Structure formats: structure tokens, C-alpha cells
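> Chains as they are written, first to last, in numbering that gives the first Met the number 0: chain A, 0 to 104; chain B, 0 to 418.
Hints were generated in silico from the structure; no laboratory data involved. No experiment lies behind these values; they were computed from the predicted model shown. Quick reminder that beta carbons are idealized off the backbone N, C-alpha and C, glycines included. You may find that some hints are simply not true.
[Said to hold, decoys possible] A few chain A residues that face chain B, going by a derived Cβ cut-off under 10 angstroms, partial list only:
id, residue
1, Gly-46
2, Glu-52
3, His-74
4, Thr-77
5, Lys-103
[Stated by the list, open to error] Listed next, with one range per pair, are the computed distances between beta-carbon atoms:
id, chain 1, residue 1, chain 2, residue 2, range
6, B, Ala-107, A, Thr-71, 50 to 60 angstroms
7, B, Ala-145, A, Thr-71, 35 to 45 angstroms
8, A, Thr-71, B, Arg-116, 52 to 62 angstroms
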Amino acid sequence: MRTALLASVLALACTPGVACAQDAPQPQDPHLARNLAATCANCHGTGGRSVYEPLVGQPRVKLLQTLDDFRTGEHEATIMHQIVRGYSDAQLELIADWFSGQQKN
Amino acid sequence: MQRRNFLHACTAATAALALPCRAFAASARPHVVVVGGGFGGATAAKYLRMWSEGGVDVTLIEREQAFVSCPISNLVIAGLQRMEQITFGYDLLQSQWGVRLMSDEATAIDPDRRVVRTARNGEIAYDDLVVAPGVEILSAGIDGLAGHEDRIPHAWKAGAQTATLRRQLEAMPDGGVFAMSIPRMPYRCPPGPYERACMVAHYLRTHKPRSKVLVLDANADIVAKKALFQQAFARYGDMIEYRPNSTLLAVDAATLEAEFEFERVRADVLNVIPPMRAGRIATLGSLPLINDAWVDVDWLTLGAKGLPGVHVIGDAIFPAPGMPKSGHMANQHAKVVAAAILNALAGLPPNPTPVVMNTCYSFVDDRAAMHVVSVHQYDADKGQLLAVEGAGGLSAAPSDAEGRAALQWAHHIWADTLG
Ligand SMILES: Cc1cc2nc3c(=O)[nH]c(=O)nc-3n(C[C@H](O)[C@H](O)[C@H](O)COP(=O)(O)OP(=O)(O)OC[C@H]3O[C@@H](n4cnc5c(N)ncnc54)[C@H](O)[C@@H]3O)c2cc1C
Chain A
0 MRTALLASVL ALACTPGVAC AQDAPQPQDP HLARNLAATC ANCHGTGGRS VYEPLVGQPR
60 VKLLQTLDDF RTGEHEATIM HQIVRGYSDA QLELIADWFS GQQKN
Chain B
0 MQRRNFLHAC TAATAALALP CRAFAASARP HVVVVGGGFG GATAAKYLRM WSEGGVDVTL
60 IEREQAFVSC PISNLVIAGL QRMEQITFGY DLLQSQWGVR LMSDEATAID PDRRVVRTAR
120 NGEIAYDDLV VAPGVEILSA GIDGLAGHED RIPHAWKAGA QTATLRRQLE AMPDGGVFAM
180 SIPRMPYRCP PGPYERACMV AHYLRTHKPR SKVLVLDANA DIVAKKALFQ QAFARYGDMI
240 EYRPNSTLLA VDAATLEAEF EFERVRADVL NVIPPMRAGR IATLGSLPLI NDAWVDVDWL
300 TLGAKGLPGV HVIGDAIFPA PGMPKSGHMA NQHAKVVAAA ILNALAGLPP NPTPVVMNTC
360 YSFVDDRAAM HVVSVHQYDA DKGQLLAVEG AGGLSAAPSD AEGRAALQWA HHIWADTLG
């Protein structure tokens, strides 16, 4: 009962473009994507708005491809190959969803 | 999310779950007080305002007038950057994000009454408190040191002592000895002392090539990026001499002699980094400590164990296994705590799967740097944030490309923290 209610509350809190609790097998934090994306901000700017390597507004497919290329070594990197391996595929998808869903300014 | 939605979410969740919506019961707007505007506290203040879209009031209590960055301060000591380049105001936190800055010293925490006492502004009431005081430097443990930090600076909090150490190096004669004492782990920024040794050696090789850099380490070995630093030291020929298992007992500020367990050293510039523990406000008695030094926290909320409403982040906490005391990590703690506080205010449980990551770049000369990086995921069974195996790692070697990346990293984290 409590869980069902909680899930519906979380679902209410979903915003367009962000993966929602009802997609996941277990109730998931409504701000999970935002929180995960914020772990990138130290190097890519708050909200991914860096002038060097901006992530904000990049198409989801392109972001996921780049991240996968870092993982396989296809895309040369000083550090990103070691970072992407710390996140699950599902987490990287949430991150890509979040950055692609944000306005550039 | 708009502020209205944020407030609405609270009411809806509260009604549905019969969870308390503390702040709204007490007053119109929740008030979060943050003690300490360093990498942890400033980031927490900003993200609380940003993620709530202004829905919570945030007061940041900071005793210093300006934020002086420890990262890159070793380049100032080497004469490669200026103090102004690592010094920042708190104005953007106020103008851009609406953080209320209180220039004051927090003197005590009363978790029962939910107030922080201050030196000049009396008691400040909070709904949630974030304590981010960094470290206290324990000079008193080394005989002869306390009160002589001008003559024997640690420069382990960037600021006046950074400039002092720079001046002392400039005044040092060619052929002189720069000696540095490193405390036993855990201390703030594990690779920092070894980076400093390289940066000082870089300056001396360029300007005073007959000089010597003595690195006296209380640890049994180099504690971070060992192989990389051994190679980096070797670049300076026999200028850098590394001596492990060197515990400092006493110093003489008049003669600049240092007495270690097994030897005496005389230096022209003596840089003693004393042992440290959580910033003083955290060790005054109200917070739960481990080893009488670091605050025991719950990793989902960064809540001080057993103290509802009190959160501690940054260098002051007892770290999860393999988690360094770094600015990068303090900034990441801040985002976990901001999310947890806002969830609680909205009647939601904390995010059950927080993630944090760390990066520390170290310069080895005026151009090249190298990194160590790790990603830490929450392990529900252990109740800890644990480094993901197979992820993270080190640079293969220092490079100029990473030297550029390190400076970009610094600019990004300063902006993410303060602006
Ligand atoms: C030489 C050196 C190099 C470093 N390089 C790096 C690096 O490259 N990368 C990296 O990630 N980290 C680096 N670090 C580590 C980093 O500086 C610290 O880990 C980081 O500052 C910790 O953040 P914090 O918020 O916990 O504490 P701090 O940044 O120290 O902030 C604490 C703040 O609280 C204030 N304060 C404390 N008590 C009170 C009180 N009672 N009332 C009011 N205000 C109070 C202090 O004035 C201070 O501003 C380095 C450190 C050093 C010394």
C-alpha cells in the first residue's frame, strides 16, 4: 500500500523528457537523472554549460554514442574512459536524457 | 521544476504518505544554514537554491572574506600563478543564487533546539544544517610549532600562508634546503604534498639549481600516485630526496631545525604540514566522531549519525573506504546533501542510489599534470559509497594535455562551486 502510493507520488513528480519511476522496476528517485548529471558538472560546468566541452543540449543519441566510444576506446580520452566505466548503462542513459532535455541557456 | 511545483510536491506527498513536511509546519519557507563556504559548503548553498528554484532560504556562515582555492595554490608557491588567480568573492552566490551570506564565525551547534550560535550574530535557527568546516590543523601536537606558523607555514589552507611560503622560497639562497613534513594519513588531499615537492623543485631548478628538496613523510611510502610521483621526482635528478617513516616531533622556529623520530634536519625553508582533524565546530561535542577526529555520517543523506537535521560534508567526515579528502569530493558530497534535504522537505525519501566521483590532478612541472580518478556507487548492503572496480584509475604518465585539463578542471569547479 505504502509502496504503491509512493510510486504514484514519484510518478506525479516526473517531468517530460526525464525517465520516470514507472519505467523502472523499483521506485526510483524522481530527481535521479538530475543528480547523476550533476556529478559531471565539476568538469563540464553547472548543468553541463561549459565553454570547453558543453554537454547541455547535445542530442541523446550522440551523447550515448560518445560515451560508448569512450568505454571501448574508440574515442581517444585522457580521463573519460575511466569515468564512464563507473556508471551503469542505465545511469548513462538517464544522464544523456537529462543533458539532451535541457535548454542551452 | 518551478517553485510552485516544489511546494505543491511537498503538500501532495505529505498528504499521500502522512510524512511530516517539517519546514512547512514550522514556517512559510524552509531555512537551511550552511557553516563554511569552502568547496563543500558553497556548492551545497548554491545547489540548494538552484534545485529548489529559490524555494528554500539558505544562509551561508563563513568567517573569511574571500574563498582562496587550495587546488592550484601549489602553482602560486612555485611562482607560476598569482594569489589573485586563486582568490574569489562570494558575490555570485548572493547575486546569482540568492544565498544569504553571513560573514561570521559559527561557535556552537545546538542540535536539540536547531540553532547555530555565532560570534557576532547571535543564534541562527535552522530547519536543516549543513556543516562543512574543512579541517583543523593540529599544530599543538608538534613541540615548538604553535604560534610560529608565520615562520614555519603549513600553507595547507590556501591564503596568507600560501603567500608566506612563496616569499620564503624567493628569499631562500641558492644551495639552500627546503624541507617539508607530511603527516600520517588521513589528511586533506593525499597527493598534494608530493605535487608541492615537484612544484618547489621546478622553481628551484629554474632559479636556484644547487638547492635541495627534502620530503619527510610520516607514512611508510608515497600515499597517492606512487609510481607516477617516483618518476616525477626522478625528473629532478637528486634535487628531491624522499624519506619515508619520518614522524616529526619538534621544531625550533629560531633555528629552523626539525627533530624527527630518527634524525634532525636543518632547513632554510621549513614547511610543516601537521596532522589534522575535522574543523573545530565539528569536534566541539555535539557531533558523533570516529577516532575523535572525523564525523560519522550516513551516506544516503550525509546526516550526522543520530542527529536529525544535521548534515556534514567535505573533509570533515570520516570517509568511505578509498574516498580521499578533496575539493572535488566535497563538491560531490554537497550535491548529495542538497538532493537529500530537498527530498526530505518535499516529503520524499532520500535518493537510494547516490553516486559521487573524485578527480585529483597533480602538476609535476610548469606544464605537465597527471590524474587519479574514481567513481563511487552506493552499496546498500554495506551502507557505504564504494569505488567501482574496473573504473577510474591513473594517467599513464604526466602530459601537457593533462596540464591544460587540470587548469580547465580548476576553472570549472570554481564556477560550479561559487557561481
Ligand atoms: C595544497 C593543496 C592542494 C590541493 N589540491 C587539490 C586538487 O587539486 N583537487 C582537489 O579536489 N582537492 C585539492 N585539495 C583539497 C581541497 O582543498 C580540500 O579537500 C577542500 O578544500 C575541502 O573542502 P571543504 O569544503 O571540506 O573545506 P574547505 O574548502 O576548507 O572549506 C571550509 C570553510 O569553512 C570555513 N569555516 C570553518 N569553520 C568555520 C566556522 N566555525 N565558522 C565559519 N566559517 C568556518 C573556512 O573558513 C573555510 O572557508 C588541495 C589541498 C591543498 C592543501
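> Each of the hints needs a verdict: does it hold here or not?
Tested hints:
About 9 angstroms separates the beta-carbon of Gly-46 (chain A) from the nearest beta-carbon of chain B, less than 10 angstroms, and the hint is met. The interface hint given for Glu-52 (chain A) holds, since its Cβ lies 8 angstroms from the closest Cβ of chain B, which is under the 10 angstroms cut-off. At a threshold of 10 angstroms, the smallest CB-CB gap from His-74 (chain A) to chain B is about 15 angstroms, leaving the interface hint violated. Proximity of Thr-77 (chain A) to chain B holds as hinted, the smallest CB-CB distance being about 5 angstroms (cut-off 10 angstroms).
Against a cut-off of 10 angstroms between C-beta atoms, the interface hint on Lys-103 (chain A) is violated, since the closest Cβ of chain B lies about 17 angstroms away. Restraint check, Ala-107 (chain B) to Thr-71 (chain A): a C-beta distance of roughly 54 angstroms satisfies the suggested window 50 to 60 angstroms. Checked against the hint of 35 to 45 angstroms, the C-beta distance between Ala-145 (chain B) and Thr-71 (chain A) comes to roughly 55 angstroms, which is inconsistent with it. The hinted range of 52 to 62 angstroms is satisfied by Thr-71 (chain A) and Arg-116 (chain B), whose Cβ atoms lie roughly 55 angstroms apart.
In summary, the structure is inconsistent with hints 3, 5, 7 from the numbered list given earlier, while agreeing with the others.
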